[in-house]
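Colleague: Our numbering numbers the first residue of the sequence shown as 1 and each following residue consecutively.
Worth flagging that the hints you see were computed from the coordinates, not collected in a lab. Only a predicted model underlies this, so the values are computations on that prediction, with no experimental measurement involved. All residues carry an ideal CB built from backbone N, CA and C; glycine is no exception. Treat the hints loosely; a few may be bogus.
What the hints assert, rightly or not - Cut-off 25 Å, straight-line C-alpha distance, at most; resulting in silico cross-link-like pairs (SDA-like, lysine to any residue): (1) K274 / A329; (2) K87 / K108; (3) K233 / I113.
Said to hold, decoys possible - Label pairs and their in silico Cβ distance ranges: (4) L44 / F143: 48 to 58 Å; (5) A135 / F694: 36 to 46 Å; (6) E101 / A359: 34 to 44 Å.
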Amino acid sequence: MFVRQRKVREQHRGDSYLDKKSNHIQLSNQKHFYGPVHFLIIVLSVSAIIYSVRVSDLFLPDPKNLTTENHTFSGFRAQKHLYDLTKIGHRVAGSYESDVEAVNLLIKKINAIKDEANKGFDIEIDLQTVSGSFAFVQKIVAFTSTYENITNVLVKISSNPTDTYLLANAHFDTVMGTEGASDDGVSCAVLLEVLRCIALSDPEKLKYGIIFLFNGAEEGGLAGSHGFVLEHKWFPLVKAVVNLEAAGSGGREFVFQTGPDHPWILQLYASSAKYPFASVVAQEIFEAGLVPSDTDFRVFVRYGNLVGIDLAYVSNGYIYHTRYDNADAIPIGSIQRSGDNILELIKSMANSDYLKDPAGYKHGNSIFYDVLGIFMVHYPFRLHKVLCYMTCFVVVLYILLKLYKQAKLSANPESASFASVFLSFCVINISNIFGILSGLAVSFILIKFNAMMTWYTHMWFAFPLFGLPTLFGISLGHCLGSIVIKKRRFEYSFYLFNNTKVNSGSALSGLFDTDLLAAIAIEVMGRETCNSKFLVWVEVNIRSFLYAVLLTHSSILFVLNQFEIKSSFLVWLWLLFPFMCICLPYDYLKLTICRNHIKILVLHLIGSVVPSLITVYHLFILYKFFVPLFGRTGTEIPGDAVLALVTALTCIVILFYLINLIHGAKNGPKFVILLGLLSFIPLFIALSGQLKPFSIGYYTTPKRFFMQ
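When you get a sec, could you build the whole thing from the sequences and use the hints?
Modeller: Structure below.
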């Protein structure tokens, strides 16, 4: 070994390198600050976020009974309508059950409401029988839909003569073999109760009219809505539409389409809905054609040039279009929740001046999402783009100025440098690739051994099954990167402190001989300085990785904005809050890892809590919708691989900042090994066959067969 040494301290000159090796344990203990307790705090924090999301998803209001005020929505009364409708059985368009029994039932109930209505309202009932055809075109599907003699039931209510009406639509037909309680019997029941509440209210509180359309042929190619648009005499009066649909059973009704390009509808929904549930992410997924279904909303927009809002039930899609879709499967709290929201939304839109001439209020797309069903966030997309570009510019400029200032004032390894940030950037992205590949590897193993969809009934099982391998891959990448960065900084410290050049063949350039590194460090720099140098590499790592993650998010956000992806608001949150709550306090409070490691941990948790909450909330929505959907996509789409990818990406996003603290952890390699071992547990459970994909009983998740 050849080490050229200058200015060696006198007090250490007589000591040998090997005598110093025993001090490496002391140095190691000093430079590690985060142990099991700290990582337990992180786990508990993430668990608290998941629990909050779960509680908000399960919340349903108490139903109001039949003796409630006349103008107040009663879940029990709407439930009775639902039971009466589903008793008919399946109601396929054109069948006796649909065109006679269901139609007669609806007319009977509407007449009963008309008889007890406030005399200040003008209520008309109309029965439409229509034939026609139209071209149905999607991105990958195109065909001509022809229909004949389908039946629609309509009700028009107004308090004064007007040529401005709001349309509320639901369909009473079903597919073969199901009672269609959720699709779309419950929506018909809700609209009947909404009609009753409005008919018994004060006529002076209804500015414009409302048309209730109970269409009889949605399942047969959206024919009922097209027939209304094509020929009905009332259609020219309609200015906007509220469409009620279902892709699941029970739960919360979800706003997944609005507009187009009319933000006033979102404003009214946000101000009127008691329990908001909406997201632009779902709208982009639906518009991209990733959902193999469609609703009447497309017909109203494309062929009727209407604007409006599209809502659907998305929970418990397992029984969608099956014989298990009955009235008992829909909680009454779900009916009450929908009724409270829909009643207030319809009244709000029917009293809005925007309804008179919607074309005059066309102002582009919007960013919208709710927060735990408590309140809505919505603002114009053009404003969002400006905010994103400004945030990217400020973050990148701030980091570049900090790095330039540090490089100019002090060329030492105790400051985050351009090189260290670039190296951290590489480690982050390589680690993320490791995480994705680890999660996908588990899915390919399951596919190989024919143990697919073990998570189908037990949705929560996907988190440990694919999440633990992802976390293992990310942590492994960071630990390997930490070794490389530590080696580089040690060598640089020797050179700057003592002008000591390290021979490329020396033990100092060895990657894993940290004991010898510690001994040489004490000999060259002295104990006090050496302790400082060994401590500070953790400081530099965390700061460099923080800058690197911010630059990564800035790059992603810039690209998404270039393609006008509205879901980029999630990335913007992950850039804005960590920059404001982690980066700025970290730098301007001059926090150091050796004195403020608890404060640094708290900053990381605070900066991650809001974006984590919104991200996990959207993950729950995607899981609840897409997991049941994999039961009817066949073998063309590998559900395990898709779910593994979604779970891996979610883990990466949530841990983007918190995972950096592993560089200050005790026994980082042991932590990685532990994660690797834990990853095998859910994999073994899946391969053992203990969890069956399909179930009938406490969990109703039937297997579907498609025959052609």
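Colleague: Which of the listed hints are not met by the structure?
Modeller: Nothing - there is no hint that the structure violates, so all of them hold.
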